[in-house]
Amino acid sequence: MRSYAAQRAGLAIVQLAVLSVLVFVLTSLLPGDAADLRFTETLTPSQVAALRAELGLDQPPVERFVHWLGNVLTGDLGTSLISGGPVVDIVRHSIGATLVLTLATLAIVVPLAVALGIVMGTRENGRVDRAITSITLALSAIPDFVIAVVLVAVFSLKLGWLPATWIGGNLLSSPALLILPIAVLFGRTVCLLSRQVRAGTVAALNAEYVTQARRLGIPRRQLLLRHVLPNAAVPGVQELARTGDTLLGGVLVVEAIFAIPGFATALVDGVETRDIPTVQGLTLVLAVAALLINLGADLVCNRLVPRTALLR
Amino acid sequence: MTPVVRVTGLSATAGEAVLVDGVSFEVVAGEVTALVGASGSGKTTSALALLGEHADGVQLGGYVEVDGQLVVASNGVTAAAQSIRGRVVAYMPQHPGSALNPARRIGTTLQELAKLHDGDAREAVRAAQVPGDRSTLKRFPYQFSGGQRQRVALAQTLTCRPKVLVLDEPSTGLDSITRLQLVHELRDLAATGLGILLLSHDLDLVRALASRVVVLDAGQVIATDVLPPAPDLKVTGTSAAGQPLLTAMNLSASLRPRGRDVVLHEADLAVRAGACLGVVGRSGSGKTTLARCLAGLHERYTGTILLDDEPLPVLRKRTRDQHRRVQYVWQEVRGSFDERRPVDQQVARTAQRLRGLAPDKAHAEAVATLARLGVAAITAARPPSRLSGGELQRAALARAVLANPDVLICDEITTALDDHGTALVLDLLTELKDRGTALIWIGHDLRLVAAVADRVLVLDAGRVVEQGPPATITTEPHHELTRRLVAATRIGNPQSPPAETPPVLTTDSRSEPRR
Amino acid sequence: MSPRERVASGRRLRMPRGVSVGVSVGLVAVPLVVAVLGPLLPYDARPGLPYSPEGVLGTDGLGRDVLGLLLVGGRSALGMAIGAVVLAYLIGGLIGLTAASTRHRWLDEGMMRPLDVLLPLPSLLVISVVAVGWRASAIAITVAVAMVNVPTVARLVRAAALDAASGPVVEALRMQRESWFTIQLGYVGRSVLGPVAADLGTRITLAVFLVASVNFLGLGLSPTAPDWAVSVSRNREGLLLQPWSVLAPALLLVSFTLGFNLLADRLVHRSRRLVESAR
Amino acid sequence: MWRVSEALGRRGFLGMAGVAGLAAITGCGADGGAAAQPRQGGRLRAVYAGGGAKEVLDPHVQSLFVDIARHKAIYEKLVELGPDLKPVPRLASKWEHDGTATTWRFSLRDATFHDGAKLVAEDVLYSIARIVDPAVPERVAQSSLATLDLKRSKAIGPSTVELVLNQPNAEFPALLAGIGTQIVRNGFKDPTKPVGTGAFRYVSFEAGRSMVASRYDGYWDEPARIEELHILSADSEARANAVQGGQAEYANDMTATFARTAEAGKTVRIVAAKASTMQAFVMKVDRPPFDNPDVRLAFKLVADRQRLVDVVLAGRGEVGNDLFGKGYQYYPADLPARERDVDQAKSLLKKAGLAGKEVEIFTADASAGFVEAATLFAEQVAEAGVRLKVTTGSPQTYAKDLLTKGAIGNHRSGAMPIPQYVTDRLLSHSPFNVTHWRRPAFDTAFAAARAVTSEEERSAKYGVLQRTVRDEGGILAWGLPDYLIAVSSKVQGVQAVPPNTLDQGRFDKVWLA
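Residue numbers (full-length UniProt numbering), protein chains in the order written: chain A, 1 to 312; chain B, 1 to 515; chain C, 1 to 279; chain D, 1 to 513.
Any given hint could turn out to be false.
Below, in silico cross-link-like pairs of lysine to any residue (SDA-like), each with a Cα-Cα straight-line distance of 25 Å or less [as the list claims (entries may be wrong)]: (1) D:K351 to D:R387; (2) D:K350 to D:E360; (3) B:K361 to C:G186; (4) D:K266 to A:L151.
Far from chain A by the CB rule (all over 10 Å, computed), these chain D residues [unchecked claim]: (5) R39; (6) G41; (7) S159; (8) L165; (9) E222; (10) E318; (11) G406; (12) D443.
Hint data in this document are derived by calculation from the structure and do not stem from the laboratory. Yeah, the Cβ is synthetic: ideal placement off N, Cα and C, and Gly gets one too.
All chains should be modelled from the sequences, with the hints used to inform the complete structure.
Rendered as structure tokens:
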């Protein structure tokens, strides 16, 4: 177990290092640089050149990367080429909204998906199972942006029930801001998760140990909660860790449509404005988060069903 | 004595199909009742009816009375069924190790069952010979070895303090020494007043334990309290002398590269044309690795293998003729067939690829060989998933035989066969021997090996501990292991009852089912 | 027929029917046919004013006939996604099969480890970088979406192939001196097909989502491209003026992904049943 | 010897324009009664196109509408622009020059900064020195104020400042009304602590999201009616949703489609400044095929301007006449409109050997309607036998790319005085000379005209230069879009004036009914 953890940590460090180089190379390959982006119709070419020198963009890429890496190792994510402020500020300002959004979504999705998954799994191929499967499948088949466009048109613009953007709003005073974004993110996540929980439930119910427990007279409720659930939850938890990436894609669409100043928007903005330190910083945070989530998922799975995570 | 279980005219139907038809039997406290029959004969269906359990779409009929309560009545399973599960009737599945929930500490489940059935986990743990200390009870199933898991499963069922214990094929995959031990343990359990229902096709086991026997075939009782006699295995005796056909010298094999995890130590063997070399040993003694080295499948070995005094390389370097001359029959048969192709075609490929026969001729030969082994042509034309384990085992043999091999390595090829199937297989092998084929017969059952082989080699922990003619080995065993193997041959042989004191378990020896 | 088989076949009769295959195939086929044959139809769309009710489905924000756009806009919408998945399978499948079949551990590790390292790379980042760098290039976006999928595809194929290749079947085939190609393509390849088919369905819908999202966010194709996702994106402010300009392309996209999801669901069921029956 | 600038007598006109503008918006609605009774208090949330991390608080670095709006609330300039883009007094109550338009004296108003300090001449001198500081390259007004001689400029008294130029420039007051020319406190160093003389005082700011400001009661002009001002950033769709959904009261720069949707409902009112910006195709006059004047003319002739306006601008605008600044001071109003003539275009293109050839148009989704206009124009050019291939570039770098890439591209210009447009885009050394219009004779003639102190004479000279650009230059100005602002129906006092003028985004003038 300890050597496994060490191996995981080692891999994570290598992953982060390779990722940093990769992100740097990728963003450096983009046409134009941050100085070009700051170009306005009134800035003279000499002003732009001076700006480039000021941002350090006239240095060779390797030197810039080494400089950046040196800073990161001392805990400094660097300075944004666009705002001139520390990247940490950008991370701090953008992460909150996204975190609230995803956590709120998960807070609704996870219990629901577990419940649905178990209901479906215990009634495998029955009418209820098929009905829920069809509904979640249908929900998950509608692209996020289509749901978003339609929901906004109906509930905000036509009916005026719910706010359509986060602009001018405050989460604390109007939690209703969360309703539509969550509704958009909800469908696919519930589908993916509940299907995994269902599969886990079916597998556990068909497993010999559950059959045996039933044959030894353990009542159904107890059987489901104590014998089936821990095993059934494992694929769900693993899926949850995997969902991160897809969820982020959905979050970007949601952030764009509801004008939520979040993480995904900041990342794409960073790419668009060639703000390499910001992109680097955001990606690093994201990668660390992804690694932690995966590690967490493994630990949870291992807690639920020992050795499953290690055997994977 | 009044029976704890009384089954009268039990029937099980799935739509039009009749699975079990008019089966009646009784289980008496302190005695062992055996349901005997090939797989698919309705043993399990009948036994599960005791719990009021049945597969989807199956309708039970007749009467099952357990401990005075009616579990199955003419209109199906009664409400009483739930209350007798565990508490009155406990069931041990075929692979008890996989009946443990990987997510739960063993102690937790034991406590849960004890609470549910007013049982005593401590006592059950002791009876099942599981260490009862706190740290053991806190462990998860994966932290136990295969044999220990089996005991934990037994402890679980005993915690329920049942009156009847149903054991489904308990000897599957056990080597003969462990099987002997099982006999003793089951006897002890029965002696405590437990009624045992034994489902098995292992007639030796049944002979050794059961006081009542019900023989099932295709869902019907065909005999009661009468067992077919133990087959008289004719000892083929010695065969012609001559030059060794296959020789292995100084053979050591390891599981991991660069000689780590050695499983076979400096083994020497030789077999002549028309002779049979028997290899015995417990599970995990290195028998299969030895066979796979000879077949060329296991490449991590040192030492020399000669065929007709020519070095025999590993499989991928063998010529077509060398390929043909040495064939191997799998122990794990189901996994060795492609799920998507009919069995007969897969068998026929050997003759096509190794003997250059035309497809139709190869197929005809395959069908003929299979038929000789008791696998009908229509059965063989199906995909492997539709064949029983015994049928597949014979198909695997046919697949190798179609090469007309000079050396045939048979790795536990009769484990899934009933006596009739075994006889057919032995018959074919005898004929092959007469034609000059050298056999290497691997098994754990010394009785069978001794009957087939001209010379027996005993393996223990990867070393050859003893070898000689079967008569010498069985009558004057030198090594402790050999002695125990000899003792184990007496299971089910009323003329020579087994030794009174059960041998102590040295290793966990049950092979776990793959996957 | 042995009693056991009878039980098995009895159970097979009770297998789920779910939404009928016909409906699923139809859902996939309609957008697919529109995408493939649409551009070939001699549909003469007359330009009009923005968001006017002229024509069958009205006009879009540029005064173009919505029906005419639908007919030509499917090729990119579906083609890019399908192309990306095909490409991902060509590359990832090759890597996975090679890694699984090689006897050299270093080759296996050398191919799979780098992919492990790539896994936490947010696909969003890769695609937005590519989209920003090679703006409006359908090929670049297709390649990017493919690349994002390569690591998972390679892992899936490798795992499936290893599962097949490590069993005794391959040894039995070798014992029969079957050729390398017969073993790899005839057996291992075919064994991989089941999981691949099940994965393909979900992967294509995900690719459609990804491509469509990129286009929707304005990172992808030109804003005047007739692509369905671009149409949804560009016309959404006219949703209340001329709903069909948004709903028609959206419905075609949804029909495709829904149909594929349903088919994939069935395939998963089928392959699971195959595995179960093989036990 | 000092001559009072013409601008001084224009207070009356300004007021008139204001009233006229007001009438233009309220005229159609029936809410004139509410408009008559300005109400005090309330919070106004105004949404502008955001710039993300690019947004700045430094008034001299601004370049985005949202920055300009923010700074306008907090800071003020000496001079502002009227609805016809003519300079009008702001912090400078009046100005005069020495007769050669080289040395200028500005009298300062009795204004106080938010920290209570009075506005004095040193503040002006410090502000200007800060703007032109060569050590800080991104101060936007640096090039336009480059002719200022700082050493000879001085304070004449506490409320009079004298600014000296290296060369005569009768348009100098307009330069002081350009973007990035705000007056800050003497010694102003930290842009994150803004102190200005504007109608609102700074409360908080988060780049890419919002700025909050509160009413400044010590404002020298009539104090604002609203209590609190939020200036928010969001893209076009979010602005539309916000103003429709009640999350904002004011949305800047809206699309024609939104205007159409909004006008069907009741909650949102559209305030349109008619034909106040410009959409054009720009051809580089030094690159083939547009180095041939015939080709340039042919392209101008083949454009179906009405259709472009109808489709790309959804009818919200006027047809352009290949010149910037319609309705502004100095615009030659007597020019005939350019009519479409495909036949003539065809023959010109044939003569130039371009028939059947392909030309590439470089565009990007950088501004609403760019790609759409290019795509539509390609269809129109096809009618004259030339294939126009639309190439889409990156929107973020488009402004810079347009200078160097391709032979023809899209161009949009906001409102600014015509001489400034010429200075920025049509002189040999102009930083944004996208048509590569480099004619020494034109440069000298323009410099000469700019030095002419008589407005009438100057206007005539500008007129000649503009005709040359229209006939020979590379600007194909096809449309003059309306500048659309959406306000919630309870917002009053919003004026329909071109962007970058004094009364645009005057949140001290609006009130919530």
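Hint check:
no. : hint             : verdict
1   : D:K351 to D:R387 : holds (16 Å)
2   : D:K350 to D:E360 : holds (18 Å)
3   : B:K361 to C:G186 : holds (22 Å)
4   : D:K266 to A:L151 : holds (21 Å)
5   : R39              : holds (20 Å)
6   : G41              : holds (18 Å)
7   : S159             : holds (30 Å)
8   : L165             : holds (19 Å)
9   : E222             : holds (26 Å)
10  : E318             : holds (23 Å)
11  : G406             : holds (14 Å)
12  : D443             : holds (16 Å)
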